[in-house]
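Note that the protein sequences, when read in sequence, are chains P and H.
Residue 194 in numbering that gives the first Met the number 0 sits at position 195 of the first sequence; the count goes up by one each step and never skips.
Residue 120 in numbering that gives the first Met the number 0 sits at position 121 of the second sequence; the count goes up by one each step and never skips.
Check the hints yourself; a few may be wrong.
DSS-like mimics (lysine-lysine), calculated; alpha carbons at most 27 Å apart, straight line [unchecked claim]: (1) 133(P) / 229(H); (2) 189(P) / 186(H); (3) 112(P) / 183(H); (4) 254(P) / 220(P); (5) 189(P) / 109(P); (6) 208(P) / 13(P); (7) 183(H) / 133(P); (8) 183(H) / 189(P); (9) 186(H) / 112(P); (10) 183(H) / 109(P); (11) 277(H) / 210(H); (12) 13(P) / 210(H); (13) 189(P) / 13(P).
Bear in mind the hints are in silico, worked out from the structure with no lab data behind them.
Being a predicted model, the structure only gives us computed values, none of them experimental.
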Amino acid sequence: MTAAGNLASQRPGKIRIQHLIKRFRDLVAIDDVSIEIEEGTFFAIVGPSGCGKTTMLRILGGLETVTSGAVEIADPAPGRPQYSIIFQGDSIFPWMTVWENAAYGLRMRKAPKAEIAASVAHWLERTGLTRYAKLYPHQLSGGMRQRVSIARAFANDPEVLLMDEPFSALDEQNRTILQQELLRIWEVDKKTVVFITHSVDEAVTLADKIMVMTASPGRAKTIIDVTLERPRNVLELRNDPRYGQIVYGIWGHLKHEVEQARL
Amino acid sequence: MAAHESALREAKSSAPETELIDIGEQARLSARRRERIMSFASPLGLLLIWEIAGRLGLVDVRFFPVPSSIIGAMAGMIMSGELIEHVLISLQRIGLGFLLGGIPAILIGVIMGISRPVRALVDPLIVATYPIPKSAILPFILLIFGLGEMSKVVMVAIGVFFPVAINSTAGVLQIAPIYLDVGKSFKASRWDTFRTIALPGALPFIMTGIKLGAGLALILIAVAEMVGAKSGLGYMIWSAWETFAVANMYVGLFTIALIGFGISFLLREVERLVIRWKVDA
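Put together the whole structure using the sequences plus the hints.
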């Protein structure tokens with residue numbers, strides 16, 4: 000089945016990618032990917048390393064240009080930013096306190112001081128960082144630093160959140176905790192999310208829809224609906240036979256790709 | 000007991016996500032104090048050895064008058080107001096020179112770090128002019144700016160400019176690219192990128208440049224005042240040599256050493272204040 004044909008939905012999408020091709024010199028990183036992501040969808044992209052999934056996110060985030068094709072994110076409501084990115088690894092500024100980091104997006108778009116104070120206080124509270132507001136990143140553990148990154152993105156109140164393997168640098172326990180917290184935060188106001196990960200478990204745990212990408216060049220192999228109901232509990236999910244079936248199914252699609260990538 | 004222990008272990012294993020990694024704050028403080036005391040002890044020790052060697056006749060006091068006699072001469076020069084006057088004028092030149100050289104150096108250096116085209120344009124100029132011995136251009140500076148204050152200030156400024164500019168550029172270039180991506184993703188303007196990412200990120204390097212610049216500034220102010228001034232510590236040392244007032248000459252040297260020590264102490268404190276976000280600051 001062709002991914003593109005399958006994906007064109009009737010409702011206009013929040014994010015629309017059409018025939019996206021990205022080449023770095025001779026290397027084709029992304030080869031003709033078309034997707035449409037509806038508003039409020041948690042959309043995960045999984046694939047073997049080197050399949051161009053991070054490149055796709057960087058294109059969505061305006062950090063990389065397209066070779067051909069079109070990438071569109073619907074215009075935001077007035078006064079709100081289109082998107083915020085949660086990056087892989089350490090991306091919070093070491094020279095700013097937790098509070099200043101969380102306020103960064105709002106400050107950059109010149110939000111009124113009262114709004115900044117209220118929004119930052121709210122998101123530090125929801126990410127469990129209130130006590131650490133005045134500390135510098137080097138005084139925090141890796142898990143806490145990534146929470147700051149999440150608070151920074153959410154406090155900016157964007158219409159779309161772009162997450163690039165945000166938890167891949169964390170140890171398994173911290174990753175599980177942060178996945179649960181992300182679910183808890185996200186399930187309240189369900190922003191549109193594009194979530195890049197190499198972990199099938201993570202994708203199934205968090206997402207509504209999962210796009211499996213092929214190894215280099217990256218193509219959309221298939222899209223899977225994750226019908227597990229919300230709110231989800233990261234631990235309970237693992238005990239759910241449907242969870243295992245979905246994970247197993249995705250591995251069926253990925254197995255060939257991972258082997259390809261290893262060649 | 001066993002139950003207690005396992006409860007403890009559990010408490011510990013749940014701790015890492017909330018715990019601050021700031022154990023050893025106390026130990027670090029006392030180590031810092033010890034280092035500060037040590038940094039005063041070594042110069043004082045050297046003076047003590049000198050004094051003893053002079054009194055025992057191990058060194059010729061005509062050329063190396065003992066520290067106590069230098070301090071005596073210094074006291075006299077302080078009383079007469081002569082020393083204070085020279086110190087103040089030299090400090091004023093150094094201060095103005097620092098501002099005149101340092102501020103443009105930080106601006107140009109950081110902008111060179113941010114912008115490839117600017118770097119391509121300006122870098123060759125810096126590379127070409129940097130190796131010229133600064134003391135060698137003193138006659139040229141005197142020619143342009145005359146014997147007034149400006150020539151001395153400009154000498155200091157030139158000395159400060161190069162290390163600060165070069166370090167500022169290097170400081171920006173070592174900032175991890177992800178921080179610039181973050182700025183871009185939050186739509187930071189050029190000015191905001193400069194203000195919130197490039198400048199603070201480069202600050203540890205800029206401080207190193209300023210410390211190097213301070214050393215050069217002292218060298219250059221002394222040289223410039225020896226040749227082209229009628230006041231300042233350099234002039235004072237030179238006229239002491241001309242009248243063979245050896246003790247006075249040492250007073251000048253001592254004072255410059257003290258000022259150098261004071262400036263680097265001050266800069267270290269400033270550094271600790273402005274980059275407290277650094278792990279080891």
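Verification of the hints:
1. Proximity of residue 133(P) to residue 229(H) is assessed by CA-CA distance (about 52 Å); at most 27 Å being required, the pair is judged violated.
2. For the hint pairing residue 189(P) with residue 186(H), the CA-to-CA distance comes to about 23 Å; that is within 27 Å, so the pair holds.
3. With a C-alpha separation of about 22 Å, the suggested pair residue 112(P) and residue 183(H) falls inside the 27 Å cut-off, and the hint holds.
4. A threshold of 27 Å between alpha carbons decides the hint, and for residue 254(P) with residue 220(P) the separation of about 12 Å falls inside it, so the pair holds.
5. Distance restraint check for residue 189(P) and residue 109(P): the Cα-Cα separation of roughly 25 Å lies within the 27 Å cut-off, and the hinted pair is therefore satisfied.
6. For the hint linking residue 208(P) to residue 13(P), the alpha-carbon distance of about 14 Å falls within 27 Å, and the restraint holds.
7. Between residue 183(H) and residue 133(P) the CA atoms are separated by roughly 25 Å; this keeps the pair inside 27 Å, and the hint holds.
8. Proximity of residue 183(H) to residue 189(P) is assessed by CA-CA distance (about 25 Å); at most 27 Å being required, the pair is judged to hold.
9. Taking the CA atoms of residue 186(H) and residue 112(P), the gap is about 18 Å. The hint holds against a cut of 27 Å.
10. Only pairs whose Cα atoms come within 27 Å are accepted, and residue 183(H) paired with residue 109(P) is accepted, the gap being roughly 15 Å.
11. Annotation: proposed proximity of residue 277(H) to residue 210(H) holds, straight-line Cα distance about 18 Å (limit 27 Å).
12. At roughly 53 Å between alpha-carbon atoms, residue 13(P) and residue 210(H) are farther apart than 27 Å, so this suggested pair is violated.
13. A distance of roughly 13 Å separates the Cα atoms of residue 189(P) and residue 13(P); the hinted pair therefore holds under the 27 Å criterion.
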